[in-house]
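Trainee: Sequence:
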Amino acid sequence: MKASLLLIGLVLLAYLTWKLLLNVTYTVQVNSEVTPQDTTSTEFEKQPETEMNKNENEWKEILSEEEYCVLREKATERAFTGKYYKHNEKGIYLCAGCGNELFSSETKYESGSGWPSYWAPVSDKNIILEKDFSHGMIRTEVMCAKCGGHLGHVFDDGPQPTGQRYCINSVSLKFNKAGED
Numbered sequence: 001m002k003a004s005l006l007l008i009g010l011v012l013l014a015y016l017t018w019k020l021l022l023n024v025t026y027t028v029q030v031n032s033e034v035t036p037q038d039t040t041s042t043e044f045e046k047q048p049e050t051e052m053n054k055n056e057n058e059w060k061e062i063l064s065e066e067e068y069c070v071l072r073e074k075a076t077e078r079a080f081t082g083k084y085y086k087h088n089e090k091g092i093y094l095c096a097g098c099g100n101e102l103f104s105s106e107t108k109y110e111s112g113s114g115w116p117s118y119w120a121p122v123s124d125k126n127i128i129l130e131k132d133f134s135h136g137m138i139r140t141e142v143m144c145a146k147c148g149g150h151l152g153h154v155f156d157d158g159p160q161p162t163g164q165r166y167c168i169n170s171v172s173l174k175f176n177k178a179g180e181d
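For the sequence shown, position 163 matches number 163 in our numbering, and the numbering has no gaps at all.
Worth flagging that the hints you see were computed from the coordinates, not collected in a lab. Every residue, glycine too, gets a C-beta built ideally from N, C-alpha and C. Check each hint, because a few of them may be wrong.
Cross-link-like lysine-lysine pairs, in silico, DSS-like; alpha carbons within 30 angstroms at most [unchecked claim]:
1. K83 x K131
2. K131 x K74
3. K74 x K86
4. K90 x K174
5. K90 x K146
6. K74 x K90
7. K174 x K60
8. K54 x K125
9. K86 x K60
10. K74 x K174
11. K86 x K125
12. K83 x K54
Across the chosen pairs, the derived CB separations fall in these ranges [claimed, not checked]:
13. K90 x N57: 35 to 43 angstroms
14. N53 x N88: 31 to 39 angstroms
15. R139 x N57: 27 to 35 angstroms
16. K2 x G114: 46 to 54 angstroms
17. M1 x E73: 41 to 49 angstroms
18. H135 x K83: 17 to 25 angstroms
19. A3 x K74: 36 to 44 angstroms
20. F133 x G99: 41 to 49 angstroms
21. A79 x T162: 16 to 24 angstroms
22. K177 x L10: 51 to 59 angstroms
23. D157 x E61: 33 to 41 angstroms
24. K2 x E66: 46 to 54 angstroms
25. E106 x L10: 36 to 44 angstroms
26. M1 x E58: 57 to 65 angstroms
Could you build the full structure based on these sequences and the hints that come with them?
Mentor: Printed below as a string of structure tokens:
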């Protein structure tokens, strides 16, 4: 009986800890510190607003079903299947939702992860980084600063000079070949 009560207590404690973690978000800007913010408080800082204010129906009209799932619903394409995974042309990778310049072929590298990987964005101002607690993990989500679209995640296991690995869904990207506008 005591063992059952102890087990119930531990499960309840784990559940309450999990719920508490869900109520804390982290806003991260590139090259700045992580700042915890309690979302149960009315005094927390708003997440960065994006330039585009389309409603979900408008997004559904302009994006393919797969683009919508990834960019708007934060889905992930299967590893090793993306259009740009083994893409090696010179140029700029743009947001598939809004055309914002995100990554250069100059920073693209083969990480072995199954997704296109870059060691730096074109500009820190073109992306938003935010802590992601989904799927029982703590990761840093990468979003387009212009439209708020989900691009992928960034990890601290990339090559120098940054040590970063921006692991990006191909479906979140369009490509502008060097010399083309």
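Trainee: Now, for every hint given, state plainly whether the structure supports it.
Mentor: Hint by hint, here is what the structure shows:
Of the supplied pair hints, the one linking K83 and K131 holds, its CA atoms being roughly 27 angstroms apart against a limit of 30 angstroms. Pair hint K131 plus K74 holds up; C-alpha atoms about 13 angstroms apart against a cutoff of 30 angstroms. Straight-line distance between C-alpha atoms of K74 and K86 comes to about 22 angstroms, which keeps the hinted pair within the 30 angstroms bound. The hinted pair formed by K90 and K174 meets the criterion: a straight-line CA distance of about 13 angstroms does not exceed 30 angstroms.
As the CA atoms of K90 and K146 are separated by approximately 23 angstroms, the hinted pair is consistent with the 30 angstroms bound. About 28 angstroms separates the Cα atoms of K74 and K90, which keeps this hinted pair within 30 angstroms; it holds. With a CA separation close to 17 angstroms, the supplied pair K174 and K60 stays within the 30 angstroms bound. Taking the CA atoms of K54 and K125, the gap is near 21 angstroms; set against the 30 angstroms cutoff, the hint holds.
With a C-alpha separation of about 28 angstroms, the suggested pair K86 and K60 falls inside the 30 angstroms cut-off, and the hint holds. Note on K74 and K174: the hinted pairing holds, with a Cα-Cα distance of about 17 angstroms set against a maximum of 30 angstroms. This hinted pair checks out: K86 and K125 have alpha carbons roughly 26 angstroms apart, not beyond 30 angstroms. Under the criterion of a C-alpha separation no larger than 30 angstroms, the hint pairing K83 with K54 is consistent with the structure, at around 26 angstroms.
The given range of 35 to 43 angstroms is respected by K90 and N57, whose C-beta atoms sit roughly 37 angstroms from each other. Look at N53 against N88: about 36 angstroms separates their beta carbons, and that is inside 31 to 39 angstroms. The given range of 27 to 35 angstroms is respected by R139 and N57, whose C-beta atoms sit roughly 29 angstroms from each other. Checking the proposed 46 to 54 angstroms range against K2 and G114 shows it holds: the Cβ atoms sit about 48 angstroms from each other.
For M1 and E73, the hinted distance range of 41 to 49 angstroms is satisfied, since their beta carbons lie about 46 angstroms from each other. Judged by the Cβ atoms, the range 17 to 25 angstroms given for H135 and K83 holds: they are separated by roughly 24 angstroms. Separated by about 40 angstroms at the C-beta atoms, A3 and K74 satisfy the suggested range of 36 to 44 angstroms. Judged by the Cβ atoms, the range 41 to 49 angstroms given for F133 and G99 is violated: they are separated by roughly 30 angstroms.
Distance hint check for A79 and T162: the Cβ-Cβ separation is about 22 angstroms, which falls inside the suggested range of 16 to 24 angstroms. Between K177 and L10, the C-beta spacing of about 57 angstroms keeps the proposed range 51 to 59 angstroms intact. One distance hint, 33 to 41 angstroms for the beta-carbon pair D157 and E61, holds here, with the actual separation near 38 angstroms. Between K2 and E66 the C-beta distance comes to about 53 angstroms, which sits within the given range of 46 to 54 angstroms.
Checked against the hint of 36 to 44 angstroms, the pair E106 and L10 fails, with Cβ atoms roughly 51 angstroms apart. At roughly 59 angstroms, the beta carbons of M1 and E58 sit within the given window of 57 to 65 angstroms.
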